[in-house]
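K.L.:
Given next are the chains, with one letter for each unit.
2 protein chains.
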Amino acid sequence: ALAAPAIAQSMPKVTWRCSSGFPKALDTIYGAAEVFADAVAEATDGNFNIQVFAAGEIVGALEGADAVTNGTIEMAHTASYYFWGKDPTFAFGTGVPFGLNQRMTNGWMYEGGGLDLLNKFYAKQNMICYPAGNTGAQMGGWFRKEINSVEDMQGLKMRIGGFGGRIIEKVGVVPQGLPGGDIYPALEKGTIDAAEFVGPYDDQKLGFNKVAPYFYYPGWWEGGVALMNMINLDKWNELPSAYKGVVKNASALANSVMMARYDTLNPIALKELAASGTQLRPYSQDILEACFDAAQETYAEIGAENADFKEIHDSYMGYRRDSYLWFQLSEYNFDTFLMLQQRAGKL
Amino acid sequence: ALAAPAIAQSMPKVTWRCSSGFPKALDTIYGAAEVFADAVAEATDGNFNIQVFAAGEIVGALEGADAVTNGTIEMAHTASYYFWGKDPTFAFGTGVPFGLNQRMTNGWMYEGGGLDLLNKFYAKQNMICYPAGNTGAQMGGWFRKEINSVEDMQGLKMRIGGFGGRIIEKVGVVPQGLPGGDIYPALEKGTIDAAEFVGPYDDQKLGFNKVAPYFYYPGWWEGGVALMNMINLDKWNELPSAYKGVVKNASALANSVMMARYDTLNPIALKELAASGTQLRPYSQDILEACFDAAQETYAEIGAENADFKEIHDSYMGYRRDSYLWFQLSEYNFDTFLMLQQRAGKL
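Line order of the protein sequences matches chains A and B. Each residue of the first sequence is one higher than the one before, counting from 13 in this note's numbering. Each residue of the second sequence is one higher than the one before, counting from 13 in this note's numbering.
Any given hint could be a false lead.
All copies of an identical chain are treated as equivalent in the list; a pair is satisfied when it fits inside any one copy or across any two copies.
[To be verified] Computed cross-link-like contacts, SDA-like style, restricted to lysine to any residue with a CA-CA straight-line distance of at most 25 angstroms:
{"hint": "1", "residue 1": "98", "residue 2": "189"}
{"hint": "2", "residue 1": "283", "residue 2": "348"}
{"hint": "3", "residue 1": "36", "residue 2": "53"}
{"hint": "4", "residue 1": "25", "residue 2": "50"}
Keep in mind the hints are simulated off the structure, nothing from the lab.
Construct all of the structure, not just a fragment, from the sequences and the given hints.
P.N.:
Pasting the structure below:
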């Protein structure tokens, strides 16, 4: 085949299909793909038209990566860790248990060498990726009964996906894979004892508070969940360079706007949940420590046999180590002081 | 005069001048304007060319707002609170003492109605603004002697600018206005007792650690300092709509990249400062509370006589109240747990 001819027009007509990994009902995550597509359209007078499809409309959520690799679709807006079963290295594009929080994720990707490392890996999958959304630290799930120790977790059936499931299994939980729509009835009947999804705003829509009274935090397996624009590398290389710039910039806008949307909507939902009787509970220190140790063990096991995983893990975890050294000073103490003022009713 | 003709070309040649409020030596803040200009150039094949100038090259740092209002320059990349003397409402574009942290600032601006409210105010100054950078929570300054209580602050001469200066004056400090380059000799000679600037990375360059051993946190007057692209409204209205989109998207990229740069560089500088003998000290609770009360009092005083200030203040502070309700759960406990692991040497 001939190479694509050089494009003389500065704003050629280009149409791409973007499969979101999420249903339209999640206006936060699905909405970030729309924010991205709208920003691309505005910056190109509508000449670069990215059509967004919900999960399952053209490609299923778990087929997103393959469809991008094969060029069935030009791009997906999704959670990279959905594809950790293909290669656990995919997990770092979204974040791993006890990993970087939202701000550290951006720090590592944009300025800490993270995005370059990730794209070295993604290139092997015939794709290039840009961060385009974040949920922040998610909640730690809904429980029918209180859990106060690692003993209380033995044999507990919990809906929890991917990497978090593999790790929590090591401390005695029986992880269950269930699509979002199947969680409510399973929790209601007691087929499962617990379920994690996202946080107050998304979870409230699914009604989990009606069938499980205890809402735990933090979601240690999802401390800063980045969404990725995963783009087929051949389609990327065919883009005029201006459009590449537009995609990078619009991805950054979607990245910030999605986080902003969660941060704006979650407090409102949280107040409503609390008013409806939801009991907030922190995970105990011994549970968190057992899970942390299980995570470290898991990373060492995978890293021993997967060089891509190890290379990215070491960069990511090095960034985490330095970041927490710094964040514990001004950021943490500024927030702590204002949280104390809030509890004193002074905000 | 005739209205500007409709522009037929999709990517017309446009050249703008952007005055940074900072010297080139601050590669973090000044660098964010370059990130922005480069992103605009890339997305327009170089047809929209934004030339970045350091403070003082074409316009002084404190003349940025007037120069934009008058159209002397098309835009400035600067701290909105530099202009709080013209109208204290300007302060909210950057952040106010005990205000929103970096993530909350983005939440409020992008999705909490903040940017629309700000731009209603800025329109009166013939400008439109987009956030284009953040420093995160700054440090609380360098002190020649330890300060342990509000009594220790009485009569203390401290280099601190703008709004923070007005508030700290209420608790007994004598604020001093000094340009960045004059701080070191004043601190060395003891003409001043203390000085705040930004944080580890920027402050280390100026050598404050050599003349003041105590580095305090948090910088309660600067918990999340946003930088603004301030754009002359007439020039904005002349832009083709695609270029407006490009500016909005590129601003979002600069916003994230600047924060990422600080978060990447600050931990490295912090380690070097600690190794060189710098003593880290938290402000005592009584100092923070006295300053918090002084801030609340100041906002009430200004709000009573300035309707723009009051309208934006109420929206901004309402967002703060809801945000801290939410952040104290997953975000805070996730970070707390990992900070404890770090102190235990497990990261």
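K.L.:
Taking the hints in turn, state whether each one holds.
P.N.:
Comparing the hints with the structure gives:
1. 98 with 189: For residue 98 and residue 189, the Cα distance is within 25 angstroms only inside one copy (17 angstroms; across copies 59 angstroms).
2. 283 with 348: both (20 angstroms within a copy, 23 angstroms between copies)
3. 36 with 53: So residue 36 and residue 53 pass the 25 angstroms test inside one copy only (20 angstroms; across, 34 angstroms).
4. 25 with 50: both (15 angstroms within a copy, 24 angstroms between copies)
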